[in-house]
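If you read the protein sequences in the order shown, they are chains D and A. In terms of our numbering, the first sequence has 331 at position 331, counting the first letter as 1, and numbering is strictly consecutive. In terms of our numbering, the second sequence has 232 at position 232, counting the first letter as 1, and numbering is strictly consecutive.
Quick caveat, the hints were computed from the structure, so don't treat them as lab data. Hints should not be assumed to be uniformly reliable.
Note: identical chains are not told apart, hence a pair may lie in one copy or across any two.
Stated by the list, open to error - Pairs of lysine-lysine, DSS-like flavour, derived with a Cα cap of 27 angstroms:
(1) K196 - K160
(2) K519 - K293
(3) K293 - K493
(4) K293 - K196
(5) K292 - K196
(6) K292 - K160
Here the structure is a predicted model, which is why all the values come from computation and not from measurement.
There are 2 protein chains.
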Amino acid sequence: MFRSGFTLSGLRPYLRGPLAGDLTAAVVVTIMLIPQGMAYAMLAGLPPQAGLYGAILPLLLYAVLGSSPALAVGPVAVVALMTAAAAGLVAETGTPGYELAALWIALLSGAMMLAMGLLRLGFVANFLSHPVISGFITAAGILIALSQVRHLLGIQTIGKTVPEVLPSILANLGDVNLPTLALSVLVLAFLFWSRKGLAPLLRRLGLPRAAAAALAKGGLFLAVLVSTLAVWALSLDQAGVRILGHIPAGLPPLALPGFDLDLIMLLIVPSAMIALVGYVESISIAQTLAAKKRQSIDPDRELVALGAANLGAGLSQAMPVTGGLSRSIVNHEAGAETRAAGAMTALMIGAALLALTPLLFFLPSATLAAIIIVAVVSLLDFRALPRAWSYSRADGAAMAATMAVTLLLGVEEGLMAGVGLSLALHLYRTSRPHVAEVGQVPGTGHFRNINRYEVVTTPEVLTLRVDESLYFPNARYLEELVQTRIAESPDIKHLVLMFSAVNDVDASALESLEMLLAKLHAAGVSLHLSEVKGPVMDRLQRTDFLHHVDGIHLTQLDAMAALAPALTEETLNQPRCERRKVLA
Amino acid sequence: MFRSGFTLSGLRPYLRGPLAGDLTAAVVVTIMLIPQGMAYAMLAGLPPQAGLYGAILPLLLYAVLGSSPALAVGPVAVVALMTAAAAGLVAETGTPGYELAALWIALLSGAMMLAMGLLRLGFVANFLSHPVISGFITAAGILIALSQVRHLLGIQTIGKTVPEVLPSILANLGDVNLPTLALSVLVLAFLFWSRKGLAPLLRRLGLPRAAAAALAKGGLFLAVLVSTLAVWALSLDQAGVRILGHIPAGLPPLALPGFDLDLIMLLIVPSAMIALVGYVESISIAQTLAAKKRQSIDPDRELVALGAANLGAGLSQAMPVTGGLSRSIVNHEAGAETRAAGAMTALMIGAALLALTPLLFFLPSATLAAIIIVAVVSLLDFRALPRAWSYSRADGAAMAATMAVTLLLGVEEGLMAGVGLSLALHLYRTSRPHVAEVGQVPGTGHFRNINRYEVVTTPEVLTLRVDESLYFPNARYLEELVQTRIAESPDIKHLVLMFSAVNDVDASALESLEMLLAKLHAAGVSLHLSEVKGPVMDRLQRTDFLHHVDGIHLTQLDAMAALAPALTEETLNQPRCERRKVLA
Numbered sequence: 001m002f003r004s005g006f007t008l009s010g011l012r013p014y015l016r017g018p019l020a021g022d023l024t025a026a027v028v029v030t031i032m033l034i035p036q037g038m039a040y041a042m043l044a045g046l047p048p049q050a051g052l053y054g055a056i057l058p059l060l061l062y063a064v065l066g067s068s069p070a071l072a073v074g075p076v077a078v079v080a081l082m083t084a085a086a087a088g089l090v091a092e093t094g095t096p097g098y099e100l101a102a103l104w105i106a107l108l109s110g111a112m113m114l115a116m117g118l119l120r121l122g123f124v125a126n127f128l129s130h131p132v133i134s135g136f137i138t139a140a141g142i143l144i145a146l147s148q149v150r151h152l153l154g155i156q157t158i159g160k161t162v163p164e165v166l167p168s169i170l171a172n173l174g175d176v177n178l179p180t181l182a183l184s185v186l187v188l189a190f191l192f193w194s195r196k197g198l199a200p201l202l203r204r205l206g207l208p209r210a211a212a213a214a215l216a217k218g219g220l221f222l223a224v225l226v227s228t229l230a231v232w233a234l235s236l237d238q239a240g241v242r243i244l245g246h247i248p249a250g251l252p253p254l255a256l257p258g259f260d261l262d263l264i265m266l267l268i269v270p271s272a273m274i275a276l277v278g279y280v281e282s283i284s285i286a287q288t289l290a291a292k293k294r295q296s297i298d299p300d301r302e303l304v305a306l307g308a309a310n311l312g313a314g315l316s317q318a319m320p321v322t323g324g325l326s327r328s329i330v331n332h333e334a335g336a337e338t339r340a341a342g343a344m345t346a347l348m349i350g351a352a353l354l355a356l357t358p359l360l361f362f363l364p365s366a367t368l369a370a371i372i373i374v375a376v377v378s379l380l381d382f383r384a385l386p387r388a389w390s391y392s393r394a395d396g397a398a399m400a401a402t403m404a405v406t407l408l409l410g411v412e413e414g415l416m417a418g419v420g421l422s423l424a425l426h427l428y429r430t431s432r433p434h435v436a437e438v439g440q441v442p443g444t445g446h447f448r449n450i451n452r453y454e455v456v457t458t459p460e461v462l463t464l465r466v467d468e469s470l471y472f473p474n475a476r477y478l479e480e481l482v483q484t485r486i487a488e489s490p491d492i493k494h495l496v497l498m499f500s501a502v503n504d505v506d507a508s509a510l511e512s513l514e515m516l517l518a519k520l521h522a523a524g525v526s527l528h529l530s531e532v533k534g535p536v537m538d539r540l541q542r543t544d545f546l547h548h549v550d551g552i553h554l555t556q557l558d559a560m561a562a563l564a565p566a567l568t569e570e571t572l573n574q575p576r577c578e579r580r581k582v583l584a
Numbered sequence: 001m002f003r004s005g006f007t008l009s010g011l012r013p014y015l016r017g018p019l020a021g022d023l024t025a026a027v028v029v030t031i032m033l034i035p036q037g038m039a040y041a042m043l044a045g046l047p048p049q050a051g052l053y054g055a056i057l058p059l060l061l062y063a064v065l066g067s068s069p070a071l072a073v074g075p076v077a078v079v080a081l082m083t084a085a086a087a088g089l090v091a092e093t094g095t096p097g098y099e100l101a102a103l104w105i106a107l108l109s110g111a112m113m114l115a116m117g118l119l120r121l122g123f124v125a126n127f128l129s130h131p132v133i134s135g136f137i138t139a140a141g142i143l144i145a146l147s148q149v150r151h152l153l154g155i156q157t158i159g160k161t162v163p164e165v166l167p168s169i170l171a172n173l174g175d176v177n178l179p180t181l182a183l184s185v186l187v188l189a190f191l192f193w194s195r196k197g198l199a200p201l202l203r204r205l206g207l208p209r210a211a212a213a214a215l216a217k218g219g220l221f222l223a224v225l226v227s228t229l230a231v232w233a234l235s236l237d238q239a240g241v242r243i244l245g246h247i248p249a250g251l252p253p254l255a256l257p258g259f260d261l262d263l264i265m266l267l268i269v270p271s272a273m274i275a276l277v278g279y280v281e282s283i284s285i286a287q288t289l290a291a292k293k294r295q296s297i298d299p300d301r302e303l304v305a306l307g308a309a310n311l312g313a314g315l316s317q318a319m320p321v322t323g324g325l326s327r328s329i330v331n332h333e334a335g336a337e338t339r340a341a342g343a344m345t346a347l348m349i350g351a352a353l354l355a356l357t358p359l360l361f362f363l364p365s366a367t368l369a370a371i372i373i374v375a376v377v378s379l380l381d382f383r384a385l386p387r388a389w390s391y392s393r394a395d396g397a398a399m400a401a402t403m404a405v406t407l408l409l410g411v412e413e414g415l416m417a418g419v420g421l422s423l424a425l426h427l428y429r430t431s432r433p434h435v436a437e438v439g440q441v442p443g444t445g446h447f448r449n450i451n452r453y454e455v456v457t458t459p460e461v462l463t464l465r466v467d468e469s470l471y472f473p474n475a476r477y478l479e480e481l482v483q484t485r486i487a488e489s490p491d492i493k494h495l496v497l498m499f500s501a502v503n504d505v506d507a508s509a510l511e512s513l514e515m516l517l518a519k520l521h522a523a524g525v526s527l528h529l530s531e532v533k534g535p536v537m538d539r540l541q542r543t544d545f546l547h548h549v550d551g552i553h554l555t556q557l558d559a560m561a562a563l564a565p566a567l568t569e570e571t572l573n574q575p576r577c578e579r580r581k582v583l584a
């Protein structure tokens, strides 16, 4: 691993082994990161250097603390969009207050990640379900693409959501700057083509396969180079093509941003969301890449490393960072074997900042916008929604709500709606649990749903399998359901509640069970429990309830053997038949 | 039932049967309700007639629409306190805006109850768990008692929560009005004594047992009568004893209160809470009393009836109402057999309003405050907290939080904290589910926790029983747990996940299972599922997952028979031994 690479005894194997791969990967990633960093800074509403600074100190900190050899940390599109949304709440883009807010977002989300990692609270991120994250990222991709249209067309637009931006684009279509549009079309066409067509072309030109693949990643760099030269040579900036202008040369100054408690309070919730989304995005990339190499990732250590990276960003005038999908794949494919690749990338970006910034003066914004558009297209997954819906209505609804609210109201609102709806649907489902009447599968001691299997039952014993923990939202539901069921069948003398799926019985449910027991006894029906699990039994043993109930049975077969011995024995000795009933 | 009592053919049995009981109950309840109604109006910050009006139209509507013969609807202490808290948000006590707010609270909570009943959404009330409700009512009782101290001492206080009211009482102790204090002490002493001592005394004076019990309920009335006469005879109002003063004679005018959209928006959330608390309080009283007579209550019909009663309150200048505990018990014990008793109570209150209001001019506020104090003492249940805590830490914590927040911050905040914490603790628990390693109980086909029972296992097969539905908050937890477990035991060749307690597998969990499957296969371990339930199987069949998994078994015994046939057969034929291991 990386740290051992810097002890004297460990250095030689590193130099002979992973060094070549790490160095190649670092070169390729740096070539992508310079234009992408500036582009994502533009997306976040920050000056271009905020993106480049985000590729220095944060990468070094991740290389020291992280656990993924392939993860490429740095500015990413979705976090840039969320930063713009959050900073836009407290200040206008381009003001010092806005830049201060972005630094505090990095510090706050970094501190939260670090705390979550140290407290081993990484599981909190699981509350962002897969469908919610997936819907959110697609919707964010649409918002990101829409936000770049103004740079592609050379117009002004306002707003951050679809109902704001779209009319604003349409209203300003008359102001389209034709040189900008022409440049955008050329750059976009080249970038989309280069993703598939550049590597084969280079190979036909005689390059070896690996070199061609690596060089093809330089498509972004080529677009930047050619479009910058074109603007300079043709003086397109005089014709209305917007350019980047002056970027301060040199490494970022280290400083704690100005303290402003009111500002911090406003940014806490958005920063928490950025921390969650950034972490979830990063950890899933890291785990996917690790799985390919049979390595494993420690989620809490990743949180600590990403937290430190963001604290580093906030202290070095940089935008918030996380692990990015496309650069991580490139890093992985270009041969990165240790986290030293990330550290080398940081050093190369630092060198570029010392030497290359004057060359970026004429870089057109339209090129950066085209780079963003090409990057976010890979985030869009429109087939995920029908897929989630067909698997589960609840997952589909949560995803659709996340997408709709993100597009119509904004990123924070969309995430909140998705998480809120996921939880609400879960609570709704558990508040009306599935309860199956079960009977004995002939030839076995196993009991299954009478509506799904050919099973044996007797009218005197009703066995209900409760398919949910009993807790306050569903406490009364079971009571009412049992009452209805008992009232329908006057033959029933014994009720067995099969507790194999009951993982908890809380105080409200206990009270409800006591009420049910009293009602059953009043109606001359006895109450038995079967297959009660250890943790539930431990708790019930602290109450009187077990003394009043008519029987507790280790297995459902024991319960039936006690209540209908002849039938049970006979059924047990029948030839086994597993025929599943055909459901109507 | 009540409605049949008004057809010609049904009238005679009613006159011969329940009439006597209903009439007695109505008289007794009316005698309690006149002072209590005025007292709770004072508690709500409203003029005394708002309480009396709350005992006319709402009672008639409940008698027509409700389902409980014993429930006594009308003003109650907790709802009065919540009304004061909500109306206090929008206006000062005693202003027309405050009274308008109280009417809209009745209308809004009535409309919400009605809608919930018609849409059969009564289950929503279950989200107020028993411990939360119980803690809330005890805390509300304390706040109510504290709010009446100023009337008992004849001082002025400010605020609604303990940290506000208590210092305010202490600061004003120098202003105590001694005649008021003397009156309070006498009335309180008499009321506390009369709850236990009046009926035996009356019996010793020669009254029959039933008559003595009924007359003893007149203790409140006696206190009102004597203290009013005392104030009048001794001119205590000149000595600083606050009196009720003029109450308009006659029935309440019917009118829709003035419409104010801003006001209504502010009152929606508090009204929803009042609707929920009022409904839960009422339905639990109705169900407890119905259980005593083997009758049943229709929760949705109760919601409709209570909703109509509150709409009636809002249209007739009355305060919000619900079913009250003490009057319902009195009603029940005094012999009420049909809902006609409630209608008769309403008529008697109406008659009192036409004739008796001038007699209440000298009624001292201190007497009403003493009546409130005596009523809320029965609400306090300080033993509920240790009881809930010893049964379940989560229930105890939710209850403690509800009480603490209610006392320190207010009623709405307390309820929200209780419900929020209950849900959060449930989600936390389900996010780290109990997973038990199981083995075969000798002599049976039943499998139980290896740490609790003497069971048989084989090192090649690991069977884990997952004690929770698999959904997004715990999707990754199982994956990590299995990985750790497999890494510890290199002998394992097969993993069986026993799904008997898995009631749902959502899209996030499915993705996690797919990831787990890939990792297991990479490690050379096969994955089997057993005892998958119908609804879960239906959903999994829509995916590819079932094609990749190595086996799905109807029962856990089938799974073991396939993976370790010799051992399983041998264990099955061993003599059964259920010995439960002693846990360390």
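Could you tell me which of the numbered hints above are not met by this structure, giving the numbers in increasing order? 1, 6
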